[in-house]
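A.B. asks: Listed here are the chains, written in short residue letters.
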Amino acid sequence: GDSVTQMEGPVTLSEEAFLTINCTYTATGYPSLFWYVQYPGEGLQLLLKATKADDKGSNKGFEATYRKETTSFHLEKGSVQVSDSAVYFCALSLGSGTYKYIFGTGTRLKVLA
Amino acid sequence: NAGVTQTPKFQVLKTGQSMTLQCAQDMNHNSMYWYRQDPGMGLRLIYYSASEGTTDKGEVPNGYNVSRLNKREFSLRLESAAPSQTSVYFCASSVDRGSGETQYFGPGTRLLVL
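As you go down the protein sequences, you meet chains D and C in turn. Under my numbering, residues 861 to 973 are what the first sequence spells out, in order. Under my numbering, residues 2 to 115 are what the second sequence spells out, in order.
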């Protein structure tokens with residue numbers, strides 16, 4: 861069935877380090893792909909998205925490219941900050957017929973000063 | 002513009018008690034959702050409402066009921082709470098139900114069932 865798999869955490873980095881969080885998906889049809897971020901005690905909020913193959917989503921220095929050939933949507937940032945510490949969720953959504961919005965299990969990121 | 006609001010923020014119930022979680026959005030969105038978040042399992046969809054007057058089951062609907070009261074409000078009811086329903090519950094909304102739609106989340110309700 862349709863699913864999202866993302867790397868296990870926690871991920872601990874020093875400030876200004878390079879970040880990659882892997883996300884792969886399995887889907888029938890052509891999903892849209894998302895990264896959401898959850899700060900402590902808050903709900904999820906959209907970080908970036910891509911709706912078709914080869915699209916690149918970007919926001920606040922984060923980027924992810926929709927790779928259909930590898931069914932991946934890896935999140936990257938060149939230089940993380942302490943304020944980026946949060947839980948990151950990869951998600952996919954599928955069409956309006958049989959509606960699905962599927963989240964990965966989340967990856968906790970901790971950035972140390 | 003408050004976005005998505007949820008009440009209460011925190012609740013403790015005894016097994017067998019009932020309660021209703023309230024959700025409201027002020028963004029004029031057509032679609033609304035209820036999720037539960039459990040450690041190591043991400044978010045799982047309980048119920049959703051594609052538009053006012055309609056509701057559909059999600060991945061984990063057992064033990065829950067919902068009401069789309071109007072376009073703004075979507076409530077989740079636990080008729081007889083069980084310890085397995087201890088979780089954090091999130092309400093979300095989106096303009097419509099289609100692929101590519103961003104979901105906007107409330108701050109969550111933390112529920113403990115003893």
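Watch out, some of these pointers could steer you wrong.
[Said to hold, decoys possible] Cut-off 30 Å, straight-line C-alpha distance, at most; resulting in silico cross-link-like pairs (DSS-like, lysine-lysine):
no.	chain 1	residue 1	chain 2	residue 2
1	D	LYS970	C	LYS72
2	D	LYS970	C	LYS10
3	D	LYS912	C	LYS58
4	D	LYS928	D	LYS912
5	D	LYS920	C	LYS58
[To be verified] DEER-style ranges, computed between Cβ atoms:
no.	chain 1	residue 1	chain 2	residue 2	range
6	C	PRO40	D	ALA973	22 to 32 Å
7	C	PRO40	D	THR931	22 to 32 Å
8	C	THR55	D	GLU875	27 to 37 Å
9	C	LYS10	D	GLY869	43 to 53 Å
10	C	SER52	D	GLU868	18 to 28 Å
11	D	ARG968	C	ALA3	24 to 34 Å
Just so you know, these hints were derived from the structure itself, not from any lab. Keep in mind the model is a prediction, meaning the values are calculated, not measured. For each residue, glycine too, the CB sits at the ideal point set by N, CA and C.
A.B. asks: Of all the hints numbered above, which does this structure not satisfy? Sort the numbers upward.
C.D. replies: Structure breaks hints 1, 5, 8, 9, 10.
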